[in-house]
Structures are given as C-alpha cells and as structure tokens.
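Given the structure of chain P, go ahead and fit chain L onto it with the hints provided.
Protein chains: 2
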Amino acid sequence: MEHDDNEFLVPPRVTRRPGRPGTESLAKEETRDTILDSAEQLFSQLGYTTTSFRDIAVDANVNPGLISYYFGSKRALYEAVYKRRGKNLTDRWSEMLDALEERSDQPPTVAEILRVYLSAQFEMKQKGPGGVAFFRLQTRLHSEPQKEAFMLRRDVYDSVGRRFVSLLERALPGVETADISWRFIFIIGVGLYMTSDVDRLNDLSSGRFDSNHLDEALERMMTFCTVGMMAPSTELKVRKAPRKQKTAKAAALPNLGSRARVK
Amino acid sequence: MEHDDNEFLVPPRVTRRPGRPGTESLAKEETRDTILDSAEQLFSQLGYTTTSFRDIAVDANVNPGLISYYFGSKRALYEAVYKRRGKNLTDRWSEMLDALEERSDQPPTVAEILRVYLSAQFEMKQKGPGGVAFFRLQTRLHSEPQKEAFMLRRDVYDSVGRRFVSLLERALPGVETADISWRFIFIIGVGLYMTSDVDRLNDLSSGRFDSNHLDEALERMMTFCTVGMMAPSTELKVRKAPRKQKTAKAAALPNLGSRARVK
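Protein chains in written order, with our numbering: chain P, 1 to 263; chain L, 1 to 263.
The set of hints was computed from the structure by calculation and includes no laboratory data.
Keep in mind that the hints are not guaranteed to be accurate.
[Unchecked claim] Some, not all, of what chain L presents toward chain P, calculated at C-beta under 10 angstroms:
id, residue
1, W182
2, M222
3, F224
C-beta: ideal position from N, C-alpha, C; glycine also.
Excised from the complex, chain P in its bound form (with noise of 0.2 angstroms):
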C-alpha cells in the first residue's frame, strides 16, 4: 500500500461487500473507531509527518493491513479523523441555532449567538482525551497554511461558520458587516487560541492566574468577545497627508490614539 503525502483528498480504495448490517459490520465499526481513535492520538502528539501506519496500526493493536483496507492512504486517514470529530462540533452548533432560531418570542441576540460558539467547543474538550487531541490536531492544522489542509477546514466548517455571521449580522443591524465579519474571525482566534492549551495566562499573570478552569474561561470569553462584537463600526480613514518629518520620539508612536476610538 502506497502511502501518499501530497495528495489529500483521495477517497479510501475501499472495496465494499453489499449486505445489511449485522453483527459482522459493527465489529467492523468498532474496528474503524479504533483506529480512528488511535490515529487521532498519534496524529496530534507526533504531527503528521512524523506518525506512520505502523504506529498507528501498534497504539490500536490492528494489522498495518487493515488501516490500509478501511482508509486507503494516510492523508485520507488524517481526513476521517478531522472530519469525524469537526462534524460533531457542527452538529451540536447546527441543534443548538435551530433550538434559538424555533424559539418565537424573540430572535438571538449576539451574547446566545456567541454562547452556543464557545460553549459547543468547551463541551468537546471537556469530553476527555479525544476532544483534547482534536483540538491539538486543529491547532496545527492551522499552523500548516497548506491549499489541501484549507480545503478540509472549509469542507467541515464553512456552512454553519456562515451561519453564524448571518445570524450575528440580523442581531446587530447597526453594525457594519465587514466589521461583523472581521470580528467573528477574530473571537475564532480566540476560541482557537483557548482551546489549544499553550495560552500564557500563568506566565503573564505572574502565576496569578490560570485557564484551567474552562467554566470561568467561558465566561471571561463571552464578556470580551460580547462586547467586542457589539462596538460601534471601526471608523476608517484613507492615509493621504504626507508624512511630516518626524523626531524620535514622535517617530516610536505611529498613529497612537487616533483612529477607532472608543473610549
């Protein structure tokens, strides 16, 4: 079996027996989770390049063979693992808008909108060590601006991520969209950054503080990233007076205090 790390989507060469399921394709089932979840583990400790069928085929206790059999190549492994952890994500997101958007007295407002965002991802790592791995596993994901690694994340996100956006949009009618946009992208780089466990609250605080404590991080995430999302538009101005001869000083200060202010 041929493992190729440059293409990415290649569909498994499974060769399916027809059949109802019984007995003998929920083995199989379990089987498939189980690698999966060894993959997983392997995947987000080791990286990619570094994790072979063999590892993978020792942490799960299978035959190298079998790995080839269900997935067909190493990227299309790497595939089922993120897809099958990110469509849970989207479901719970999916169940949770439907359940505010059914509710008839009033329309979700951005703390509800925000709060189904970050609540569905903390759930997930609060989960145990899958939902720990996945996170690790996405981090670098994004870490690896790769066309095919892009491909997946849009594959498995982008439909319920523009759902957000339009939801956010209806609940701040007085808000630019591109501001509304723009921002969205920023608390997913929040949520990204919390969920990856490498943050620096620790070290900043002076060992003050932690974030291991995933209710109180919720919490503190909603009220920044709640008021974040309903500021005023950001008030942009085109640069066109010519740059002035500058001290030193005045020269270390570019800009300080002048646009998109708040206070």
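Frame of chain P, contents of chain L only:
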C-alpha cells in the same frame, strides 16, 4: 557533528578567538545572518523536524560544518532564529512603551497600550519575507506544546508581556485584575491568528471581505480589542443549583444568555 533533537537549550560550542572586530568578523557576522535567514525560511516552511542542516547549508550556500561551527546543534540554531526576531519585536515594544510612559501630561490609555502591542506585530510582518516567516514559525511553536518550546517563549516574551499587563491594570482601575490578564491572553490569540495568514475571513464572508490589508486589519482589531478590554468585570456565579430534568430542546441550550450579560 551530532544534531541532538531532544536537547533544546544547548549553548553553541563555538570556539571564539580573541581580537578586535575587523573585516573578518564583519564577514562572519554576515555569514551568521545568512545562515539564520535560510534557517528561518526553512523551519517556517518545512517545520523543525523535517528541516536538516544540509537543507539549510544548500539554501545559504555554505558548508554544513560551518553551521555546526557557528551554532552547535539544530536546537541551538532554532533558538537563535527565534530569539533574533523575537528580540527585535520586544525591543520595539519596549521603545514604544517607554515613549508612552515618558510622556508627562497623561498616563497611557488602553487604546494606546493595545495599539503598541498590535501595530508592532504588523510592522514586523510588513518588513518582508523574514517577518512573515517568523510569524509562521511562531504559530508552529504554539502548536507544539512541549516544555522546551514554552521555556523559549517565556525567555523571549515574559518580561515585556508582564509590562503590558501592568500598564493595562493601571489604565483600568475599575476592572478586576483577573479579567485584565485573561483579556490580554485573548488578544494574544487574536494577534497570533491574524499574523499567521491562515484566517478565514474570505471563506466565512463568502468572499465579501479579505484580511490582506494590514492597515484595515489593525484598525478593526483595535476597535474589537479595546472595547473588549474595557468591558465591565465578568460576573462569575458559582453553579450550585441541582440540575433539573430537561426537555430535549432545553438541553440543547445550556446557560444561554445567563451570565456575563452585557447588553
């Protein structure tokens, strides 16, 4: 020369000859910089594990032995790459914060402090391929939560990071210090995501907006981050009420709109 991938902070085993700086040491300085430039590009593109001394030697057009001579181990070279540009950034922050603090008429405002933090990063990013490579390298470091990576990050950023937190605390006497530290961490997350060229603005706005304009990005980040930083303290309630039996729909909406209400 052994390349020890496990030891991180090994000092370079360079034998230095005493003497005044002259043409020879200037040439050495240039060679050193050329090696650092090549290593920065390759580490950021291929990752730490995949990049070899040989790759760097070919790219820098020097003998691989010379890299060992100047830097010792691969880890030490990586560290030198990270610290070189990390120091540029922290020096620029310090210079801009000094100028703010030396101003006698009024203490720095939240917007001024955050503009220093965010604008210096975009300044470095705009300086060319080296700046871009550094931010990608830095994002990669954050996706590899290993003890040694954290030590390097602390070494470079802790001192100036604490200065930012301390200045923000002075500028916001009415906000709980815990919130100020947490919010600064959220802003680090925003900055990392927006300097790493992996954001999803184009996707999620269905192509209406894109984040290639750093001036615009800075102004929109300034609004979001400044308003978020200045938000009222987060109200944390201890969750002591026993959980009631929930209907399916209610269960889909835990805690919606309850805490940290900001409207």
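#### Entry: Non-conforming hints, listed in increasing numerical order
The structure breaks none of the hints.
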